[in-house]
Amino acid sequence: MHLLQGEKVTMSFGGLTAVSEVDFYVDEKEILGLIGPNGAGKTTLFNLISASLKPKSGKITYEGKNITGMNPYQICRLGIARTFQTVKTFGSMTAIDNVRVGALFGQPEKPSSAQATKDAIELLEFVGLSKNTYSPARDLTLANQKRLEVARALATKPKLLLLDELMAGLNQTEVAEAMDDIRQMRAEKGITIIMIEHVMKAIMNVCGRIIVLNYGKKIAEGTPQEIINSPTVIEVYLGEQSNAGSK
Amino acid sequence: MNLKEINWKKYSLTGGIPLLIVIFLGIWPYIGPTYYVTLFTYFLLYVTMAIAWTIFSGTTGYISLASAAFYGLGIYAAALFGEKMPLIFVIFIGGAASFVLAFIVGSITLRLRGIYFAMFTFGLVVLFKEVLLYWEITVKNIRGYFVVIETNNTIYYYLFGICVVTVIIAYLLKRSKYGLALQGIGENEEAAAHTGINVTMVKILTFALSSFFMGACGVVMATKMTYIDPQIAFNPLMSFNPALMSIFGGIGNLYGPAVGAVLFTYIQEKLMTGSLKNYYMLIFGAILVATILFLPNGLMGLIQNVWKRIKGVKRAPTTG
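Note that the protein sequences, when read in sequence, are chains E and P.
Using the working numbering, the first residue of the first sequence is number 1, and each one after it goes up by one.
Using the working numbering, the first residue of the second sequence is number 248, and each one after it goes up by one.
There is no bait here: all hints are sound.
Partner residues are not named here, just some residues of chain P that face chain E (Cβ under 10 angstroms, in silico): (1) Asn435; (2) Asn445; (3) Met448.
SDA-like, lysine to any residue: derived pairs with alpha carbons at most 20 angstroms apart: (4) E:Lys217 with E:Gly239; (5) E:Lys157 with P:Lys424; (6) P:Lys424 with E:Thr117.
The set of hints was computed from the structure by calculation and includes no laboratory data.
Virtual Cβ for every residue (Gly too), placed ideally from N, Cα, C.
All chains should be built: construct the whole structure from the sequences, respecting the hints.
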């Protein structure tokens, strides 16, 4: 049984089919990459999994249970957490309060306030934000706000984490750090990850398997090696001349 | 030494000053002149309304203009049940009716955002007024009701009690984990939902809770009115006042709405009774526009900024 599985998941906005009959799955402790040109339906797929949107048709199961049509907070408490393409931190709240919200509300079993604070401090340390514990989230740099979102997501003790363009806008060093963080999340916390990413270096290095979307359809799926050598993917996304693997 | 200072400050703000205010308000009807007791009744009313409004709208950012509907429902509860049972029961009936109404309205409308929510909630006030007017004129054939009168002191102390309960509940709520949830919703609702907060339920229940206190206020104030009809009970000013007072005072903490309500009520009273009474609305409007333009965080925000600046000036020479 797969941890998460989608069958013929379809979503349309008016006449536009954003996600069209996409089949996907992710297994426990896997890191799955989701790539494709802008407007390919990647974020829409995340929104469908995390229940921001309800699919027009198709079925999503998590641990064998049908989760289609649930509410976002229920999805979160089941163990699926996410971050956002454009950061959505709680701006005027301190970093630690941002994380405490996740700890207090996102877990199936409610922790005590003291426990939530303790977890939050640990997680801020894990993502490297100890120095900013009591700063308002909006005062943090973009990279740090993204880290904060990861900490907030981790505070809900997820089994599956959806990372939406975590590395967009980060510099080389920050990308390298983020890659380490992702590997560490899987290694230390046993978290399964699906990541949307345009930074090819990161995708190729971190993911075990990649799904490529284009115009809402799945056009390729396979290991990073298979993907960079796939003629279809090169044509629609990577481009003829690109040497994506070593970018 | 620093530690002592902080402790003193914390103690005085959370315990000392409020306690002194409560004691003062408790004995005020015995020491104050009648005019000022009545003025203080209005202070208590508007502080309660403003804080009740802030419980929901201040934290979540959903600007509700339905306050008059809940307040008016309380007034009608007093008109219908005032003769049949003691006031304290009627207060609960009025509060509960408002709670239920807010729960229903919230379930339907809290998916609306921004100006749409504000407009709908205001529409609710007008709807209630018009439907009741129609019903009283065409079906009941008698417009309005008489309400049992209470003494000024009874009204004062009931409002005082409701005010204290509202402030305590607002304070506890703000400190609880639900306060954190409300704040999160106000900051970013989508993120809050994906962080495990049952956004809809938290919003609806808080909206209903804040309406309970507004309904309770309506019941007590009705006993001051002798006669009520839909025009009196559902006066739109009761929707705008709590919102404007809170914004005027600053919605960042509980002091803001309270200070805003007292100052606002006082200015209103002075303008309406003084030699400027013909210009009351004009001056009032100017003050409001100025507040919204120049004091985005309200009076308390201004005080905090000035305080920071004074402290900054003090510090600058020592570091330089």
